[in-house]
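2 protein chains.
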Amino acid sequence: MINIQNIVERLREIIDDDTLIQLKEELNSYHVADLADIFQELKPEERLQCFKLLDLEKAADLVEYLPPQMQVELLGDIDEEVASRIINKLPHDAAADVLGDMEEDESESYLDKLPHKFSEEVRELLTYNEDTAGGIMNPVVLTVNAGMSVQDVLNHIRTKAEEDNTELYYVYVVDKQNHLLGVLSLRKLLTSPVTMKVEDIMTSDIVKLHVDDYNDFIVDEFMKYQYNALPVVDLYNRLKGMITWDDVHDLFEEETTEEIYQSSGISTEAVDEDEILSGNLFNAVRARTPWLFITLIGEFLAVNVANHFNHTVAALPIVAIFMPLLAGLGGNIGTQSITLMVRGLSTGEVTLSSALHYILRESVVGLGIGTIFGILVALVTFGWQHNIDLGIVVGLAMVTNMTLATMIGTLAPFGLKAIKIDPAVACGPLIATAIDVIGLTIYFTLVSTFLVKTM
Amino acid sequence: MINIQNIVERLREIIDDDTLIQLKEELNSYHVADLADIFQELKPEERLQCFKLLDLEKAADLVEYLPPQMQVELLGDIDEEVASRIINKLPHDAAADVLGDMEEDESESYLDKLPHKFSEEVRELLTYNEDTAGGIMNPVVLTVNAGMSVQDVLNHIRTKAEEDNTELYYVYVVDKQNHLLGVLSLRKLLTSPVTMKVEDIMTSDIVKLHVDDYNDFIVDEFMKYQYNALPVVDLYNRLKGMITWDDVHDLFEEETTEEIYQSSGISTEAVDEDEILSGNLFNAVRARTPWLFITLIGEFLAVNVANHFNHTVAALPIVAIFMPLLAGLGGNIGTQSITLMVRGLSTGEVTLSSALHYILRESVVGLGIGTIFGILVALVTFGWQHNIDLGIVVGLAMVTNMTLATMIGTLAPFGLKAIKIDPAVACGPLIATAIDVIGLTIYFTLVSTFLVKTM
Chain G
51 MINIQNIVER
61 LREIIDDDTL
71 IQLKEELNSY
81 HVADLADIFQ
91 ELKPEERLQC
101 FKLLDLEKAA
111 DLVEYLPPQM
121 QVELLGDIDE
131 EVASRIINKL
141 PHDAAADVLG
151 DMEEDESESY
161 LDKLPHKFSE
171 EVRELLTYNE
181 DTAGGIMNPV
191 VLTVNAGMSV
201 QDVLNHIRTK
211 AEEDNTELYY
221 VYVVDKQNHL
231 LGVLSLRKLL
241 TSPVTMKVED
251 IMTSDIVKLH
261 VDDYNDFIVD
271 EFMKYQYNAL
281 PVVDLYNRLK
291 GMITWDDVHD
301 LFEEETTEEI
311 YQSSGISTEA
321 VDEDEILSGN
331 LFNAVRARTP
341 WLFITLIGEF
351 LAVNVANHFN
361 HTVAALPIVA
371 IFMPLLAGLG
381 GNIGTQSITL
391 MVRGLSTGEV
401 TLSSALHYIL
411 RESVVGLGIG
421 TIFGILVALV
431 TFGWQHNIDL
441 GIVVGLAMVT
451 NMTLATMIGT
461 LAPFGLKAIK
471 IDPAVACGPL
481 IATAIDVIGL
491 TIYFTLVSTF
501 LVKTM
Chain Y
51 MINIQNIVER
61 LREIIDDDTL
71 IQLKEELNSY
81 HVADLADIFQ
91 ELKPEERLQC
101 FKLLDLEKAA
111 DLVEYLPPQM
121 QVELLGDIDE
131 EVASRIINKL
141 PHDAAADVLG
151 DMEEDESESY
161 LDKLPHKFSE
171 EVRELLTYNE
181 DTAGGIMNPV
191 VLTVNAGMSV
201 QDVLNHIRTK
211 AEEDNTELYY
221 VYVVDKQNHL
231 LGVLSLRKLL
241 TSPVTMKVED
251 IMTSDIVKLH
261 VDDYNDFIVD
271 EFMKYQYNAL
281 PVVDLYNRLK
291 GMITWDDVHD
301 LFEEETTEEI
311 YQSSGISTEA
321 VDEDEILSGN
331 LFNAVRARTP
341 WLFITLIGEF
351 LAVNVANHFN
361 HTVAALPIVA
371 IFMPLLAGLG
381 GNIGTQSITL
391 MVRGLSTGEV
401 TLSSALHYIL
411 RESVVGLGIG
421 TIFGILVALV
431 TFGWQHNIDL
441 GIVVGLAMVT
451 NMTLATMIGT
461 LAPFGLKAIK
471 IDPAVACGPL
481 IATAIDVIGL
491 TIYFTLVSTF
501 LVKTM
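Protein sequence lines, in the order shown, are assigned to chains G and Y. To convert, take the position in the first sequence, counting from 1, and add 50; that gives the numbering used here. To convert, take the position in the second sequence, counting from 1, and add 50; that gives the numbering used here.
Some hints here could point you the wrong way.
Quick list of in silico lysine-lysine cross-link-like pairs, DSS-like style, CA-CA up to 30 Å [to be verified]:
1. G:K108 x Y:K247
2. Y:K238 x G:K238
3. Y:K93 x G:K274
Source of the hints: derived by calculation from the structure; they are not laboratory data. This one's a predicted model, so the numbers in the text were calculated from it and none came from an experiment.
Just chain G, same shape as in the assembly (with noise of 0.2 Å):
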């Protein structure tokens, strides 16, 4: 392990020395992704003084391992003829998303002075919307026909891959149209006879992507079937290009990151998630407004069934102050509880089916939390306003609320999946409301009928 930090620092020396040969030498020899990390680290006019410094092919292969904004930030800033022979040494599928973030008339004057086939490839990239396979996929595949044998396929790899710099992971097998009818893995190649025909070794029950489906989908398709890569074909089964992992790997954690942001009550739908942290401010609020709307209409209901019970408060001010404490604990409880089923129906760990069951084991986990906190709560409310009916009520009202709280936590996303609406989108902010609500009639109805009337 490298410790970024450190390095950062002694760059950071050699830049102010200006002894450059040796900054020079020293960047181009770390890895890549230890490159892209002290990047991230470096100032803007610190990072493009070494970038200039890298040699062209090291350049490139950072720049796939950047952050857009950076990409383009550092392609910018540099002399046009060399980004654009930055450019030239991407992937396919790199170099669209790079000239895709650009604005129009850069990334044109880019095409325009990549070699012809280059930029014509590229271009048919960007016709794709960038959130599906098509956006994804690398076009350059090592293809083969059914009819080679498998030394044909390995004098062809021989010739073919060094110039294209194709990724290798598997070998697809095509008809004279493209037409996608087999794939075939280099361990099989590589352990068969070389006299055996392509099509005698050959699978031809793929798993394949259509240049159509979206980032979700092909996140599950990777997960689930654990390959290196997917073809990608067209409507008429003809063969694109493929998706490997790494770029999967991407995606994913985009995945990830607005499962997470959603839990939270952070809109992803209308608002790209990159947006949300980084973009203009304006949709920052735009994701993030929609569910605290919704929070707001909940709590003025809490409000609401409050104020029904004002002259209980009148009566005893009190009874008031507690509100926070059983909100606050109910919410969190609760919850916890919406984040473990949400999170096991995202991963298929818990399904529909098994509903009940988790319903009734949230229950106990909450019987059981809310009594050790019913408890504790009227002890201390006990002994702090020397009042055991309030102490009482209370811990009855702490009880009721925090088992109430992850029933209802636990219910909810299961109700939501069947009637097909996405639990990770939708509960958050809307069983916590809900649970405030219910939590705040129970602890008055029990105020007003043990307490308030007895005194």
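Go by the hints and put chain Y onto chain G.
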């Protein structure tokens, strides 16, 4: 894409009809990844019935895709002879996982039945902590010597890979004492002249894992360097095995689950993440109680703040009922900021050095949303209670509360990170409670300054 639910229903019909030959044929025709999904949906007795109908190869492939509990359950319920033949067909790492999840006497009885070499290698794997590279790696790796020619290596693969059922991603170069010297990609191997020596084309600057490296580090290394497989060495740089990206895929999902659990205050430090959802109830309670307890203490602080203003509440009971509204919205928008920062710090998109930028950005977002909601709340309150002063005070409290909540929610993760505490573990409940306490203090101060005084 296949529809699992439809398949499950059809399978049930066939099971009922007792046309087992047809069922056997259908089951064996599915991809194991699909079969795993189908098995998830079946009831235990249906599952067992279907499992018994699978060919040995298919059954072994399927076992790798099933969750641990189901593996042990199915293998325990079938004939022990068949079970040991299935285990023998598993890759070493999968066999060790299955046996490690069984009771010790049960796994010992299987190990005695398995071929000596296989059981010895599996026994060695079982000595490693299952959360480290040693516990995850597959010990069967294809190795070659530096002096071999490309043609030698190709011949070696042809005989060796077939007989050992080796996974093939890279060829590792070792000396006579099995020290790791270099790595050779299949691509390099297939595109280099056959007379070339291994030592002239291998990469000797290798990213490698150590047998004692923990899960989270392994995931980080795979995500960072984006290789399909990484070699695992011991203290003396002797090659012990390799980890492939499909092993890491499971780890990655676990890491994500932990991150999501922690964000809602479910502790994954003392209790394994599997245990919380389906282990014994005591562990479930144990994982969920610590942060609830901290919330309890925090909320008693909030109660204390409110109690400090009990004369205010007594003089004007209506002010008390707005507490849930303020706490709810402050908590929600604060949680959003926490989520954005914690996730950003975890993916590396947000760094400590950019703290100031994000604190400013979030404060502006908080002020913007707070102003919108403050005006809304002021208008609704005025319309409802016909009290303009009350409307203004509640609205003002809302703006201040939401703005402060975003600021605290953004600042706290950076603060924790700076003092080397993982913000993912410590943040959520702590900060939510802090926001409650501060929010109520501001609210009651506003009320007693502008409202109760003027009445």
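Going through the hints against the structure:
1. Between the alpha carbons of K108 of chain G and K247 of chain Y the distance comes to roughly 26 Å, so the proposed pair stays at or under 30 Å and holds.
2. For the proposed pair K238 of chain Y and K238 of chain G, the alpha carbon gap of about 17 Å is at most 30 Å, so the pair holds.
3. Straight-line distance between C-alpha atoms of K93 of chain Y and K274 of chain G comes to about 21 Å, which keeps the hinted pair within the 30 Å bound.
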